[in-house]
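2 protein chains.
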Amino acid sequence: METIIGLVAGALTSFGFVPQIVKGLKTKKMEDVSYYMPVILAVGMSLWLVYGLLRRDIAIIAANIFGTACNIVIVAMKRMYERNRDIKNYI
Amino acid sequence: METIIGLVAGALTSFGFVPQIVKGLKTKKMEDVSYYMPVILAVGMSLWLVYGLLRRDIAIIAANIFGTACNIVIVAMKRMYERNRDIKNYI
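Read top to bottom, the protein sequences are chains A and B.
Residue numbering for the first sequence follows this note's numbering, starting at 1 and increasing by one per position.
Residue numbering for the second sequence follows this note's numbering, starting at 1 and increasing by one per position.
Hint data in this document are derived by calculation from the structure and do not stem from the laboratory.
Hints are not guaranteed to be accurate.
Note that identical chains are pooled: a pair holds if it fits in a single copy or bridges any two copies.
As a list, the in silico DSS-like pairs of lysine-lysine whose alpha-carbon atoms are at most 27 Å apart [said to hold, decoys possible]:
1) Lys88 with Lys29
2) Lys28 with Lys88
3) Lys26 with Lys88
4) Lys88 with Lys23
Here the structure is a predicted model, which is why all the values come from computation and not from measurement.
Can you build the whole structure from these sequences, using the hints too?
Dropping the structure here:
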């Protein structure tokens with residue numbers, strides 16, 4: 001029962017970042033998204049991953065592999081869109 | 001050791017949402033922030049809270065109380081700013 005709740009919770013807190021990625025891909029804009037949010041979350045979630053490995057907790061491990069990856073993608077997208085905008089403004 | 005890693009991880013994944021709240025308060029805009037992200041994360045983090053309570057895991061409990069609250073605040077801010085914009089456009 002615990003593990004089921006943990007796996008559902010983990011699925012939500014990792015897939016929760018997907019709509020942000022999809023929205024960014026559609027609008028090619030992430031101006032209002034804080035840069036620090038995904039950076040801090042990526043570091044935090046990779047620490048959760050270490051914690052899950054130490055406690056051999058499959059729910060925590062699974063959730064945080066995907067969540068860390070999503071947040072790295074969000075940081076990369078934000079950097080890319082901001083650079084593209086700067087290049088446009090320069091031209 | 002595990003608990004320390006868990007508490008640091010928890011501090012990061014809860015305080016990670018604060019820069020988004022601060023940015024929103026400064027710019028009064030959250031257009032590029034996906035609506036579904038904080039909604040799904042708030043539900044997911046409250047399930048993590050249940051999981052933490054069931055496993056009596058203080059790191060998980062602490063992290064997710066604050067994280068759930070932050071995500072509820074982000075949803076509320078986004079709704080408020082969007083409504084204010086709609087009213088302005090209507091006037």
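Here's how the hints hold up against the structure:
1. For the identical chains of this complex, Lys88 and Lys29 are neighbours both inside a copy (13 Å) and across copies (23 Å), given an alpha-carbon limit of 27 Å.
2. Within a single copy, Lys28 and Lys88 get their C-alpha atoms as close as 13 Å, and across copies as close as 25 Å, so both meet the 27 Å cut-off.
3. In the homo-oligomer, the alpha carbons of Lys26 and Lys88 lie at most 27 Å apart both inside one protomer (19 Å) and across protomers (25 Å), since each shortest distance falls under that limit.
4. In this assembly of identical chains, Lys88 and Lys23 lie within 27 Å of each other by CA distance both inside one copy and across copies; the values are 21 Å within and 24 Å between.
This entry satisfies every hint, going by the numbered hints stated previously.
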